[in-house]
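Protein sequence lines correspond, in order, to chains A and B.
Each residue of the first sequence is one higher than the last, beginning at 1 in our numbering.
Each residue of the second sequence is one higher than the last, beginning at 1001 in our numbering.
The set of hints was computed from the structure by calculation and includes no laboratory data.
Okay, derived cross-link-like pairs now, DSSO-like style, lysine-lysine, Cα gap no bigger than 27 Å in a straight line:
1) A/133 x A/175
2) A/96 x B/1119
3) B/1159 x B/1040
4) B/1066 x B/1054
5) B/1066 x A/113
6) B/1119 x A/43
7) A/31 x B/1119
8) B/1020 x B/1040
9) A/188 x A/175
10) A/53 x B/1159
11) A/96 x A/132
12) A/123 x A/175
13) A/31 x A/43
14) B/1066 x A/123
15) B/1119 x A/53
16) A/96 x A/188
17) B/1066 x A/132
18) B/1066 x A/96
19) A/96 x B/1054
20) A/44 x B/1119
21) B/1159 x A/44
22) A/123 x A/133
23) B/1066 x B/1020
24) B/1159 x A/43
What follows is each chain in one-letter form.
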Amino acid sequence: MWASPMVIRVEWALRLKGVEYEYVDEDLANKSADLLRYNPVTKKVPVLVHDGKPIAESTIIVEYIDEAWNGGYPIMAADPYERAQARFWARYAEDKVRALYAIFSTTSEAQRKAAHEAQQCLKTLETALEGKKFFGGDAVGYVDIIVGWYAHWLPVVEEVCGVSVVTDEELPLLKAWFGRLLAVDVLKAALPDRDRLLAANKARREQVLSA
Amino acid sequence: MEKTPENVSQQAAAAEAPLKLLGSWASSYTHRVQLALRLKGLEFEYAEEDLGNKSDELLRLNPVYKKVPVLVHGGRSLPESVVILQYLDDAWPHIRPLLPSDPFDRALARFWCHFADDKLGPAVGAVFASTGSEQEAAVRQVHENLALIEAELREGAFKGRRFFGGDEVGILDVVLGCGSYWLAVFEEVMDGVRLVDADAFPLFHAWLRGFEALDEARDTIPPVDRLLGYARGVRHMLLGLAGAGDGAAAPTAAAEATAPVPAPAATDIAVDI
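Generate the whole structure from the sequences, applying the supplied hints.
Okay, structure coming up:
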């Protein structure tokens, strides 16, 4: 699905490894027989099919890609403790993603609270960036792939909703990381068009406001 | 980090560093780690946490979630049970691996561990925290989830296996096993609720019996009467019922229930899967 951050994670992992892939866009309102066959449990995208075998759950697919193509770009660190840290932060990000969605689906006071809560979660995540260029260290790693979508999506949400979340004042490290991440050619190439994303989100936001 | 001779021996030295586990006796997440450590034959110090009065150590070691279990290895702390289990495999790769070696099989194991914590666990928690039609809906959800696992045992990814890990228990056995004992306990505490029917889920049932018969599982899972007492206490607290439950279990249950915790969310209760 063109606007899914979870799908982008998988594309980024494949592209970093230099793996060629066929991309099949799903209409989530009208899921294909293939999707339902490949992921009967959650029926969600993304699903990666490799040698006829389906893998679901983007955080799991990314680890799979790293292990299946283990000679290529190292997505996970080799050190056990660093790997544990990476898995922890991916889990944290997934756990708290509702805090980000809440900004989009609320207004007025509720939205102010949602923005503040999102900021608190991001501040916690930001601690994992201290002293590093990327969450992965000098280069893009697992956590960067898992949360990198913030760099492209959050500014769109901020613009559509008229809120500020990731500011130089409140989240300087994260803001700086946004810039570095979006400058990585391999990642930039896979992002959905910003204008298209903006238009789609504006439309959805209007639905929220008129509900 | 490349595997140079220097850091291979660093890793070997690190593997020798002492292990300490902060946990809670009724937490299935804690049991997962205890079981995994026992399966790997790793010695560890255990520190019981009073979840109603968390230690400074716990708050310092897990500032993000403030929860158990937390494993401390060589002075570094690791929270989140499934993260810890994978860490044990990464740090002790040659001792009784919990994850299979093939990347696809690893992805499958991780998928179902995620399912256990994201879908099944909360559904079971919801059953326990509700009554009436809300509970009926939650029970249906549990059945749907168990049916998916049963299908994998019957004709899917785990067809014909003694354990999810194959002939030996693996990470999914540990994750599902440490928590599935609550199913029978909850059935006992809540009259008329059937969660894991041997007729409806014969393969899951057989797997669970096999898992619970393992020495390491018996050493890890608390005795049923303690679990019952705890569950009764939590159920009373969740439903805001005053007074004693059933017979002798009640005073212990009341003590354990009143000692800690203001109204826990379904996912906060140690009675997780």
